[in-house]
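Participant: One line per chain: the protein sequences are A and B, in this order. Positions in the first sequence are counted from 1; adding 30 to them yields our numbering. Positions in the second sequence are counted from 1; adding 247 to them yields our numbering.
Treat the hints as calculated values from the structure; they're not laboratory data. A few of these clues could be false.
[Claimed, not checked] Listed below are the simulated DSBU-like cross-link pairs for lysine-lysine, each with C-alpha atoms no more than 35 angstroms apart in a straight line:
| id | chain 1 | residue 1 | chain 2 | residue 2 |
| --- | --- | --- | --- | --- |
| 1 | B | Lys312 | A | Lys93 |
| 2 | A | Lys122 | B | Lys467 |
| 3 | B | Lys326 | A | Lys93 |
| 4 | B | Lys467 | A | Lys93 |
| 5 | A | Lys122 | B | Lys312 |
| 6 | A | Lys122 | B | Lys326 |
[Stated by the list, open to error] Pulled a few chain A residues facing chain B out of the computed Cβ check, cut under 7 angstroms:
| id | residue |
| --- | --- |
| 7 | Val38 |
| 8 | Arg40 |
| 9 | His50 |
| 10 | Gly68 |
As the structure is a computational prediction, the values presented were derived from the model and not from experiment. No residue lacks a Cβ here, since even glycine has one placed at the ideal position from N, Cα and C.
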Amino acid sequence: MEGRETAVLRCSNCGLEVEHTMRYAGRLLVSSMCDNCGFTWHHEESDLRTAYVHDLESRIWTKPGRWLRRLRRHPVETALELPAALARQPFKIAREIITVIRG
Amino acid sequence: MSKGHRPGSVGVVLAAGMGTRVGADGNKAYLPLAGRRMVSWSLDSLAQVPEVTRLVLVIRPDERKRAEQTLDRELPGVKVELVRGGASRHESELRALQYLASDIESGTVDVVLIHDAARPLAGPGTMRAALLVAREFGGAVPALDAPDVVKVGPDGGISPRTERTLVRVQTPQAFRAMPLLRAYLAADREGFEGTDTSSCVERFADVEVRTFQGDERNLKVTYAHDLFLAERLLADAHYRLS
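Required output: the full structure, derived from the provided sequences and hints.
Facilitator: In C-alpha cells, the structure reads:
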C-alpha cells in the first residue's frame, strides 16, 4: 500500500463530493483531507500509536507467509523483487513511524 | 451455460461508481481499508457463501489493470469475472445482467446478488441471508428501522407517521435472476433509471420483495470519517466479518 491515496468522498465540512487525500501508516488510516476546503480528519493520537504498534507486530509476523504465497503464485517475479523489497523495509517502517508521530 | 460455470447464484459487486469521473485515483472502491482495498472485503465475503458459485466485479473501463492487480494480490485463488460498468449505477447493473443473460436464460443462475463496493462491512452472513430470502420469496433487501425519520408536508410541517414503518435500505440486494433480468431489460426499453436494484424490480417485475434485518455496521463509505469508523469496526471484529 502507498502512504498516500486519493479518492472522491463527500466532505462533511463543505458538503461537496470531491477528491480527498488520505495518509496511511502501514494498514492504518492516519488522516484524510478534503482537497477543496482543507478540512482534515485525524486518527486520535494516543489510539493511533497503540494501534500502529499492534498492526506493525501483526504485519511482521505475517510477512513471511505473505511472501511465500506470492512466491508460489509468481515464483520468478517474486524472487527477483524480494531482495530489493527486504532492503526497503527499514526505510518504509521509519517513514511510517514518522507519519504516526506527526499524526 | 458458459463453459466451466457451476450452477448456482452469482454475486455482483459494483465498483464502477459514477463512470463519468475520469482518473484512476478517484475511485473509493480501491482505497485501502485495514490492509486491503475496500472492494476486496466485499468479494471475500461473497466468496465465503457456499451457494455463490460465481463472482462478478463491475469496473470502470480504465480500471481493468488496477482491478486485476488488486484481485491477484488480495484474493489469490478466487475467480472473479470483470465487467465494464456504465455511466450510472443502474447502467452498471444492466451491463452485469446482460453479461450473465445467457446463463440466466438457461436456468443455471438462480439468484443474482448485487452489492455496492462502498459497503465493505457486509459479511458472509448478510450475503447469505439475502440469497436465502431471495430464493424463497423472489427478492431480498436488508433494512434497518429509521425511527428518526419524519414525514414533511409541502408547507414544511411535520406529518404524523403512518403505521407503515419507514426503513433505511442497504445492500446486498438479491433477486431471482430471470425476473431481475427481465425487469432491467424492460427498464432499458422505457429509459427508466432506478436509484437502487429494488426500485427497478418493484416497478418492472412481479416478484415479492421482502426485507430482512440489516446490520448497523454495514455502513456505506460516503464521508471520510466513515473510513475511520469502518477501520475501527474491522479491528474490533479482528478483521473477520461474520
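Participant: Assess, step by step, whether the Cα of Lys122 (chain A) is no farther than 35 angstroms from the Cα of Lys312 (chain B), and give holds or violated.
Facilitator: Holds, because 25 angstroms separates the two Cα atoms, which is no more than 35 angstroms.
Participant: Given the hinted pair Lys312 (chain B) and Lys93 (chain A), is their Cα-Cα distance within 35 angstroms?
Facilitator: holds (25 angstroms)
Participant: When the nearest CB of chain B is found for Arg40 (chain A), is that gap smaller than 7 angstroms?
Facilitator: Hint holds; Arg40 (chain A) Cβ to chain B Cβ min 5 angstroms, cut 7 angstroms.
Participant: Given the hint that Lys326 (chain B) pairs with Lys93 (chain A), test it: the Cα-Cα distance must not exceed 35 angstroms.
Facilitator: Distance ~24 angstroms between Lys326 (chain B) and Lys93 (chain A) Cα, so the pair holds.
Participant: For the pair supplied as a hint, Lys467 (chain B) and Lys93 (chain A), confirm whether the alpha-carbon distance does not exceed 35 angstroms.
Facilitator: Distance of about 30 angstroms is within 35 angstroms: holds.
Participant: Is the interface hint for Val38 (chain A) satisfied, with its Cβ closer than 7 angstroms to some Cβ of chain B?
Facilitator: holds (5 angstroms)
Participant: Below or equal to 35 angstroms on CA atoms is what counts here, so check Lys122 (chain A) against Lys467 (chain B).
Facilitator: holds (31 angstroms)
Participant: Taking 7 angstroms as the limit, does the beta-carbon of His50 (chain A) come near enough to a beta-carbon in chain B?
Facilitator: holds (5 angstroms)
Participant: Do the alpha carbons of Lys122 (chain A) and Lys326 (chain B) lie within 35 angstroms of each other, as the hint requires?
Facilitator: It holds: about 32 angstroms lies between the C-alpha atoms, which stays within 35 angstroms.
Participant: Given a cut of 7 angstroms on the nearest C-beta pair, is the interface hint for Gly68 (chain A) held or broken against chain B?
Facilitator: Since the shortest Cβ distance to chain B is 12 angstroms, the answer is violated.
Of the numbered hints listed earlier, the single one contradicted by the structure is hint 10.
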